[in-house]
Structures are given as structure tokens and as C-alpha cells.
Amino acid sequence: MRRRKGIQPQIDSLDDHGSLSNKMDENIDYFRSVYANCSDVVIRPFLIGGMYQAYFIYIDGLANVEETDEQILQPLMNATVKNTNEIMNMLENKIPVTNIQKFTSLSKCIDSISTGNPLLLSDGINTGYSFCLAKWEKRGIGEPSAEVGIKGPREGFTETINVSTSQLRRIIKSPSLKMQELFIGQLTKTKIVISYIEGIANHNLIEEVHNRLERIKIDGILESGYIEELIEDNPYSPFPQILSTERPDVVCSNLLEGRVAILVDGTPFVIVVPTTFFSLLQSHEDYYQRFLVSTAVRWLRYLFLVISLLLPSLYVAILTFHHEMVPTALLLSVAASREAVPFPALVEALMMEVTFEALREAGIRLPKQVGAAVSIVGALVIGQAAVQAGLVSAPMVIVVAITGIASFMIPRYAMGIGFRILRFPIIFLAGALGLLGVMMGIIAIIVHLSTIRSFGVPYLSPLAPLKGTELKDTLIRSPWWKLNTRPHLTGDYNKHRQSPGLKPDPTKGGE
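Using the working numbering, the first residue of the sequence shown is number 3, and each one after it goes up by one.
Misleading hints may appear alongside valid ones.
Simulated pairs of lysine to any residue, SDA-like, Cα-Cα distance not exceeding 25 Å [to be verified]:
(1) 180 / 152
(2) 469 / 444
(3) 140 / 217
(4) 474 / 180
(5) 137 / 79
(6) 180 / 150
(7) 84 / 105
Everything labelled a hint here was simulated from the structure, so no lab data went into it.
These numbers come from a predicted model, not from an experiment.
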């Protein structure tokens, strides 16, 4: 599309547009020019006490018009005032609204109107009065769809940031839970809240979060993914370095360990920093089940993580270069099934993996009523038809199916995508170099993981560098009465999370 000559896109913020004037006409002319062609912006003239000209400016659909009429407009119109000092005294002391802010900056006035708060301007007063009467439609609290669990709370965050912060306050009732807000986006002015627990989170970490957020200069923030990509340490890594969750209990558990949460208005996903490789492989249910069950499930998760990454490449490597590693009976069975297949194992694996990934993405994007049916039926039909047509072998279909099931064991979607991406280069290495290529791929991944940091924390911590006291909640999940200390993330930290001696004593059970 051609842009007309002389017209340039304006994404500059209104940080320096002067102050309000004592002359009402100048102020209103400015606001009319700013909100030209904005049919939803209402500029309502009226008289205070029948004498002084005043204007209400608000956005229809964002402001609570009923409360504005009842609590502000009607008392002002019926008031008896003699001068502007009495008007200011009435606005500041006699209006029954909880939060009233005063602005002299034009940009602050526009920001207030944009958030849904009505703005009052009066003749002879170079101050705008903003009333906290924003009201808009919002989604109710529901069960988080991306992190479903059998046991645990059933509520998730919503797109309204004030609701999300209240959910955190409802769980952590201490005044040590701090909420610091800032606005990012020159056009969207998206509200961001940085949450942490004072006395537990390290001050250097909090300062680093502030610095990285304040460096962001962008025209708009629509989702927390924008923030995540702009503040992570290594943007070229396939592995996520920031935890994203829509569960308040997960955020609170991380806050209690000394991490910092970043809430973004307009999205139910909250990001938590710093995070580690092992934190992204932990599920919220690990801490709601008995520790023996949680440890067994965690080891099963690690096993299937390896299977999801390496099974197709091991199959390709062994069939291509290392036949002697397969028992004779099994080798004959596999050879018989591949007799009619015209493609080598490498091409066969790539075709099936790409098809499976396409079916998985299609099932996610389709409506819920048909998505699951299409993905399951499509996989069955395509797999069976491909085997009968001689395009792929039955063992390859089994390998790809097991790999797909294993990938669903990874609790974090972003982490699962990273392993799904890495699966393909390892398959290429296996087809070119056999098991040597697979080992080269594994070594490259481990070296890469060892070099990543998340806000100064080594990604493989506490395994590398080794911190023996913190392994009790990494490879295993120790019972709660052994989890006496918090993870040591960075700098000084509040070490003890509970008093010692909480282990149940069966000899005192009858007392």
C-alpha cells in the first residue's frame, strides 16, 4: 500500500505537550483536536453552580456513566459556589469518589481518559481532576485451560490486571508482597505490574527487572510474549528462559522462592524470572501429591523427555548404520515391514514427524468441538493409509506415535516446542553420521544449556554448578518437612522458609 507523500506515522508519546491553561477554550480546543474523528469520546459541557463553565471528558464504554452522573455531575450542578477556590475545595473534599487525582500535564490527562477515568476541567483552574470511575466488560475467573491438573486450585488469571493482582493478594496476605506498576508502549500505554516479596527477593534482581523493562521502547504491548522476548538473556536459544503461567498458585510459589513476577494487562499469562531448566519441567501437581508419587512422576517425565528428543533419531541411526545392535528376530521383522518402502529411514522419519506436527497444530487451531476428533482421526487414517500404500513402515508409525505421546509429558508448552524443534537437526545428524551424530547433537545441546543464564542464574542450576542442598527439589521431590531452605538464585537471600523439626513423629500420634 502506497503512503501519501508528506504523511508520516506518528508513534511518539505525548510526554511533552505542555500543561493545562487557565483558559477553558484553549484546553477544550486542544482536546477536541486530539480526539478528532473519535466518535466514542464524549466532551460534555455543564455549569458548576449555574455560574462556572466546566467540561467532562470521557470515553463511552470505558467510564461508569451512571456513577459519574450521580456522584459528580449532579452535586456540582446543584452546588452553591462563589469562586474557583470553593470549586477546588468541593472537588477535593466533598465528592464521594474513592480515588481522585489532579493533573496539570496534558499528556497525563490524556492517559487518564484513555484508561476510562472521566476528566473534569473547570474554567479558571489549570488543573484537571481525574475520577477513578473506569468500568468495562471483563471475563470472569475460570479454570486455566493451558495448565489443567487433577489436584489443586481451579482458578486462573484473567485479562484484567487488577483482578490478577487481587488473586495474588488473596493468597499472600502479607504487606511484604509488593506491586510496582509502570506503563510500556507509546500508543497502547500497557500497564505492567512487577510483583515480589520484600525480604525474600534479592534487590539486585528487582533492579535488573526494572532496568530491562524501562529499556523497552515500542509502540505497543499486546501480550506478555512481547515482554518475554524483549527481556530474555539469550533470544536465539530454542529453550525458554522465562516461566509463563496462568495459575496464581504457581506464581505465588515462585514469589515465595525469591523470584519476581511480571503481570501484563490484557493477558492471563504472567511471566516469572528467573527460571531454570528443571523448573520448567516441574508441574504444580508435584507439590500437591505425596512426595513418593511426585518423585515417580517426575522421573517418568524425565524419561519421556529423552524419548521425545532422541527416539526417532536413534531409530534412524540404528537402521542406517548399526544393524548389528538389533536382535536378529527384530531386525528381520523390521526389514520385512520396510521391504516395500521406497524411502530411506531418514526421509521416512522426516515425513512422519512433519505430518504429526502439522496434525498437532491443526488440532490446536481448530474449534474445540472438532479439533480433537480431526487430530486423532487424521493421525489414525493417515498412518494406516501410509502403511498400506507402502510409503512408510509400521515400526516408524509406532516410533512417531510414542514420540508424540512423550512430548505431551512436558508440562510447559514453550519447553515442549524447544525439544520439538531440536528433534529435526538430531534426525539429520543421525541419518548422516549414525550414533556419532546423535552423540554430537546431545553434546551440543548440553554445552548450549550450560552457557544460558536467566537473569544471572545458570540455566542448569542447581545441577551445574552443583548445589547439593538444592537437589532435593530437582531430580526428586523431597517431603515438605525436608524443604527447609529456599533455592539460592542470586546474591543475598532469605535462606529459611520453615522451622526445622516438622517431620511427623509416629510415636506421638496418640498424644
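Here is how each hint holds up against the structure:
Restraint check for residue 180 and residue 152: not satisfied, since their Cα atoms lie roughly 31 Å apart, outside the 25 Å limit. Only pairs whose Cα atoms come within 25 Å are accepted, and residue 469 paired with residue 444 is accepted, the gap being roughly 23 Å. Among the hinted pairs, residue 140 with residue 217 is inconsistent with the structure: their alpha-carbon atoms are about 30 Å apart, more than 25 Å. With a C-alpha separation of about 29 Å, the suggested pair residue 474 and residue 180 falls outside the 25 Å cut-off, and the hint is violated.
Distance hint between residue 137 and residue 79 is fulfilled; the C-alpha atoms sit about 23 Å from each other, no more than 25 Å. Distance restraint check for residue 180 and residue 150: the Cα-Cα separation of roughly 28 Å exceeds the 25 Å cut-off, and the hinted pair is therefore not satisfied. With a CA separation close to 23 Å, the supplied pair residue 84 and residue 105 stays within the 25 Å bound.
Consistency note: the structure conflicts with the earlier hints numbered 1, 3, 4, 6.
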